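Participant: In case you want the letters, here they are:
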Amino acid sequence: MQKVSKAYKESMKSSLRERAYIMISFGLVNQEAQAKATVDNGSYAYYSNKDNIFGEHIDDTVYATLEEEFTKVDGSMFFLPRATEGGRYYDTGIVSDKLVSEARCEVVISLNTIATDFKGLTINFGENYSVDFDIVGSTGQTIEFRGNTKSKWSTEEVLENTTYIKLVFYKMKNPQSRLRIYSIMFGYGLVYHNDSVMSSALDSYVSPIGADVPQFDFSVTLKNYDHYFNVDNPNSAINYLETGQEMDIMYGYQTPGSDTIEWIQGNHLWCSEWESDDNTATIRCQDIFRNMDGEYVKGLYSAAGKSYYALAEEILKDAGISEYYIDPRLKKLYSNNPIPRVKYKEALQIIANACRCVLTQSRDGKVQIKSNFMPSASIATNGEETYSNAANVLTDTPKVEYATLAGNYTPTDGTMFFLPRNGKAALTTGYVSKEISGENGTFTKNPIVTITMEAIRAYYGLKLVFGTALPAAFTIRTYKGGEPVNEYPVEKDEINTTSIILRDFDDFDVMKIEFTKTAEPYNRIVLNYFSLSDVVDFTMNRRDMTSSPKAIKQELIKEVIVPCYAYQENNREENLVYEDIDVVAGEVETYYIQDPSYGYKVKLDEVEGKASVVAWGNYFVTIKFNVTGSFKLEVQGYRYKIVEKYATVSLNARGKTVKWKNPLISNITMANELAAWLAEYYTAGIEYEYDTRGNPELDATDIVYQENEFHDGMRVNIYRHTVNFKQAFSGRVTARRIGG
Amino acid sequence: MSWSTPKTDWHGETVDGVYTGDRFNAVDFNRIKNNLEYLRELAIKMYDEFAIQSVGSDKTVKDYFYADEINTLEANLVTINANSLKRSYGTAPTYAANGNTMDFKELNRLEGAILDLYDRLTNESEGRRIFTWNFGMKGGL
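Chains A and B supply the protein sequences, listed in that same order. According to the numbering used here, the first sequence is numbered sequentially starting from 1. According to the numbering used here, the second sequence is numbered sequentially starting from 1001.
One thing to keep in mind: the hints can contain errors.
[Unchecked claim] A few chain A residues that face chain B, going by a derived Cβ cut-off under 7 Å, partial list only: (1) T65; (2) E68; (3) V73; (4) M77; (5) F78; (6) P81; (7) L99; (8) V231; (9) T444; (10) V613.
Treat the hints as calculated values from the structure; they're not laboratory data. Given the structure is predicted, the values throughout are model-derived calculations rather than measurements. We treat Cβ as the ideally placed atom computed from N, Cα and C, and that holds for glycine.
Isolated chain A (complex conformation):
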């Protein structure tokens, strides 16, 4: 689930929604700058609006003035209200207060990001454009532009390491006129908004168990009444498109009571095809995996084992992909087996599946391999009592408390226990801090509980069960690879014996809970249970559905079998390649082999030495020929013998047996874990399909609550999600129930 504001969440659930928006951009547009940039205050006209030039903006609403050769007499311009009237003004973008001929005009744009490089800038000046101007970065880098002749001006220049850009205008087309800026785009390309988009559909499919390669498809239908997109029109935007052109999709929603639009990145996809007629133009885009159809042939058996992380990196490098995210947990998981001869995307799918991960594409277009299970956790503290057992906090078993003389701690109902004289707990206790709070409930040294997760992933909530003594305040901090991620202070009003803390925790592997105050003075922190929730803070209820959910009972699964493959050497040498060839000395040729093999030997006319192996893997051998002529080529080698062992999880007495063949599984521990993970998925066996009001913040892979007449608190895993836009959102969800 994408991060959205509380106001967004509440409004999307209300019976009447606010206006929805879409922004589609082709080319190089820095979406982050586009979303975060703001224009600083400056010397602007009283009716100027500097707050909306980075979004949807047209240049056909213009106030008439007496500037040189400016006001048209076709009735298309508007009378300007007097400043004293205090009424509303049309949004006509930025208008300088003074004529540019009178005083040079400066527009400063804060990017509101860390210092960044960005390429390209596009400014819509309207018909009275600036002729001479400079762009200045925060480092002092100045790019001069002279003699501009375009209303919609753009550049591909790079502004380096800057936190703001300053635009300095010296001369306008009509010298005695004001500067006007209707819109600014950080980058160059084409951007389409609600007024151009007739309809669009974004379909996302991600298998939670890696059964298929993920698919993201987007199609948009644009208005083409002016034949702008006609293929035969030399000025058509269609001519700008190329297969593989990047496209960004942003969904917007106007939160109630606010003039601002909350934007969510819909996805970052690649154009695949387009078509147009006299009324419409349709453009289709697809995900990064569709372009990963090349075959990976470099699989190589490793007796010592190679980490799945390294294997994934090799594939991505071979596929030419440099930006990706792989869960660091994969650095500690090893396979001996060679990656089979499959497409790049399938090789990644096999790796993700072997490691109980989901292969997907992030909304900014990066390949991701992320853990998709509740990882095991370990706990540490900065000091606990002798009778404390912090490790027990991770198990949901009943805990006892030993009576102490802490302030108002020990009840007189006989529910607590006497502490043995040796101070050791004979009964099951949770975490009891060493530190005791003072008179005002604060600590000299704050107790800290550190939970370290086996894998990095995001969570959406936290459950804490405290003992008799309650804290009055604590702070939750999360870290990913040692780097801080989120920090949430929790106050007294949210703290109960059983506290459910709903927050969006981005990907992390370490959580620290620092207790800063107790509700009663002179008390310890007593924490009996801790758990994280992977269920997003979203309930798909009947009001969100626009069709009756269709429940589909899946075929009953009897058992899940995961084979574990052990590669053994073979003492039988055989001819792997055998053919007549005509070669020239120095020629290099690669031969691909069907079964994993090794120990290659090359013979020409049954004689060794006339050719040599210059590179090889279990599925290929590259040969350099030392002679010229016609020969009989023989490549001899050994095929691996593959021995299987099975990890089996039984689910039902009857039903289908799922044999899950993952050729990379080379140890039985991983086979058992994979079998258990798959068994959990197959346990439910019920899927739901329904239309919705459309929620662009939801991802395929999200686990949400779904209203159900017979199952309270039913959780489902969304694996196919469609977001339609037709001036309003609508959608479709396919989800699988979690649990029995």
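Model the placement of chain B on the given structure of chain A, informed by the hints.
Facilitator: Below, chain B alone, put in the same frame as chain A:
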């Protein structure tokens, strides 16, 4: 106030999406304003005294113009006409802030009326002088 020849050939076409018509500049605003003041001065030489509304001093390219000012110019034309020749020059729209500006037809109507009033009032004024009667100058008649 001096007289400037009104512009009566305003046009506002758009060709292939590009506006090729005239533009309304400060000089045009000032001309209309000042011509109306000239007409009033001309009219009160021959008709009863009347007043028109002031639209202020001349504007420059730095200044803005507002709907009420154009309404005032139109109203001044009506006042001058009503207090002099009482011709028919059509009805002017009432302009409002945030409303569309006048188009070339309205400008042609306004400046055409100003020119017509000017011609007629000038004729009238000059005609009175031409037909001055001097009885008995020839003697014997």
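Participant: For every hint, state whether the structure bears it out.
Facilitator: Against the structure, the hints:
1. T65: holds (5 Å)
2. E68: Because about 5 Å separates E68 of chain A from the closest Cβ in chain B, which is inside the 7 Å limit, the hint holds.
3. V73: holds (4 Å)
4. M77: Where the cut-off is 7 Å and the nearest Cβ of chain B is about 5 Å from M77 of chain A, the hint holds.
5. F78: Holds - the Cβ of F78 of chain A comes within 7 Å of chain B, reaching about 6 Å at its closest.
6. P81: holds (4 Å)
7. L99: At 6 Å from the nearest chain B Cβ, L99 of chain A passes the 7 Å test, so the hint holds.
8. V231: violated (20 Å)
9. T444: violated (66 Å)
10. V613: Cβ of V613 of chain A sits 67 Å from chain B, so the hint is violated.
Of the numbered hints listed earlier, those contradicted by the structure are 8, 9 and 10.
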